[in-house]
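Heads up: the sequence shown is residues 1 to 130, going by the numbering used here.
Honestly, the hints are just simulated from the structure, not real lab data. Take these hints with a grain of salt, some might be off.
Said to hold, decoys possible - Subject to a maximum C-alpha distance of 20 Å in a straight line, what follows is the list of computed SDA-like cross-link-like pairs (lysine to any residue):
(1) Lys6 with Glu100
(2) Lys108 with Glu37
(3) Lys70 with Arg106
(4) Lys20 with Asp38
(5) Lys121 with Asn63
(6) Lys20 with Asp96
(7) Lys20 with Ala111
(8) Lys61 with Glu102
(9) Lys45 with Leu13
(10) Lys2 with Arg106
(11) Lys2 with Ser80
(12) Lys70 with Glu37
(13) Lys6 with Glu102
(14) Lys57 with Lys2
(15) Lys21 with Leu88
(16) Lys45 with Ala58
(17) Lys70 with Lys2
(18) Lys66 with Glu127
(19) Lys6 with Phe56
(20) Lys113 with Ser80
(21) Lys61 with His117
(22) Lys113 with Asn53
To be verified - With beta-carbon atoms standing in for the labels, derived distance ranges:
(23) Leu13 with Phe123: 16 to 22 Å
(24) Asn129 with Asp96: 35 to 41 Å
(25) Ala78 with Glu44: 26 to 32 Å
(26) Asp96 with Glu74: 28 to 34 Å
(27) Glu9 with Phe123: 14 to 20 Å
Positions of the beta carbon are idealized from the N, C-alpha and C atoms, including for glycine.
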Amino acid sequence: MKNDIKTREDVFLLVTGFYKKVRQNPEIGHFFNEVIEDWDAHFEKLTDFWESNLFFKATYKGNPQKVHVKVDQENNQAISNYHFGIWLNLWFETIDELYEGELANRAKNNARKMSSHLYLKMFQEREKNK
């Protein structure tokens with residue numbers, strides 16, 4: 001039996017393992033590799049995000065909605081729900097390789113909700129800018 005996500009270090013391991021897969025993915029890697037210049041800083045920021053999300057700590061400072069809308073616009077609004085599906089599958093795969101338990105399941109459920117929300121916000125911005 002695997003352990004559940006319990007610490008910031010666990011979250012960091014999840015984030016870095018996940019983004020290793022994302023960066024190598026031929027269908028979504030370019031969205032990240034073309035935008036993120038400092039991966040170490042990005043890992044810390046996303047560890048803050050997921051630590052806040054999973055442990056209810058106020059460590060994250062940022063606006064993921066704004067960032068995703070900007071990336072979509074910079075990519076000629078080419079990001080689709082298909083791309084979010086790949087992202088979500090890689091997230092689930094990474095969690096399943098490393099963890100199991102209540103917080104692992106919460107990380108999956110929260111990512112599912114977040115991906116739907118972010119895609120909806122990107123779509124709404126596209127409609128505003130027509």
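Evaluation of the provided hints:
A threshold of 20 Å between alpha carbons decides the hint, and for Lys6 with Glu100 the separation of about 11 Å falls inside it, so the pair holds. A C-alpha spacing of about 27 Å is found between Lys108 and Glu37, which places the hinted pair above 20 Å, so the restraint is violated. Between the alpha carbons of Lys70 and Arg106 the distance comes to roughly 27 Å, so the proposed pair goes past 20 Å and is violated. Proximity of Lys20 to Asp38 is assessed by CA-CA distance (about 14 Å); at most 20 Å being required, the pair is judged to hold.
Distance restraint check for Lys121 and Asn63: the Cα-Cα separation of roughly 12 Å lies within the 20 Å cut-off, and the hinted pair is therefore satisfied. Distance restraint check for Lys20 and Asp96: the Cα-Cα separation of roughly 15 Å lies within the 20 Å cut-off, and the hinted pair is therefore satisfied. With a C-alpha separation of about 17 Å, the suggested pair Lys20 and Ala111 falls inside the 20 Å cut-off, and the hint holds. Proposed proximity of Lys61 and Glu102 is contradicted: the alpha carbons are some 25 Å apart, above 20 Å.
Using a Cα cut-off of 20 Å, the hinted pair Lys45 and Leu13 holds, with the two alpha carbons roughly 13 Å apart. Between Lys2 and Arg106, the direct Cα distance comes to roughly 16 Å. Compliance with the 20 Å bound is thereby established for this hinted pair. Proposed proximity of Lys2 and Ser80 is contradicted: the alpha carbons are some 33 Å apart, above 20 Å. Simply put, Lys70 and Glu37 have alpha-carbon atoms about 16 Å apart, close enough for the 20 Å limit, and the pair holds.
Between the alpha carbons of Lys6 and Glu102 the distance comes to roughly 10 Å, so the proposed pair stays at or under 20 Å and holds. Distance restraint check for Lys57 and Lys2: the Cα-Cα separation of roughly 24 Å exceeds the 20 Å cut-off, and the hinted pair is therefore not satisfied. With a CA separation close to 12 Å, the supplied pair Lys21 and Leu88 stays within the 20 Å bound. Between Lys45 and Ala58 the CA atoms are separated by roughly 12 Å; this keeps the pair inside 20 Å, and the hint holds.
Of the pairs offered as hints, the one joining Lys70 and Lys2 is violated, with about 38 Å between alpha carbons and a cut-off of 20 Å exceeded. Only pairs whose Cα atoms come within 20 Å are accepted, and Lys66 paired with Glu127 is accepted, the gap being roughly 15 Å. Between the alpha carbons of Lys6 and Phe56 the distance comes to roughly 12 Å, so the proposed pair stays at or under 20 Å and holds. For the given pair, Lys113 sits about 16 Å from Ser80 by alpha-carbon distance, which is consistent with the 20 Å threshold.
Taking the CA atoms of Lys61 and His117, the gap is near 18 Å; set against the 20 Å cutoff, the hint holds. At roughly 12 Å between alpha-carbon atoms, Lys113 and Asn53 fall within 20 Å of each other, so this suggested pair holds. Taking 16 to 22 Å as the suggested C-beta distance range, the pair Leu13 and Phe123 does not conform, at roughly 33 Å. A C-beta distance of roughly 38 Å is found between Asn129 and Asp96, which places it inside the suggested range of 35 to 41 Å.
Our hint of 26 to 32 Å for Ala78 and Glu44 holds, since their Cβ atoms are close to 28 Å apart. At roughly 32 Å, the beta carbons of Asp96 and Glu74 sit within the given window of 28 to 34 Å. Distance hint check: the CB atoms of Glu9 and Phe123 are about 36 Å apart, inconsistent with the given range 14 to 20 Å.
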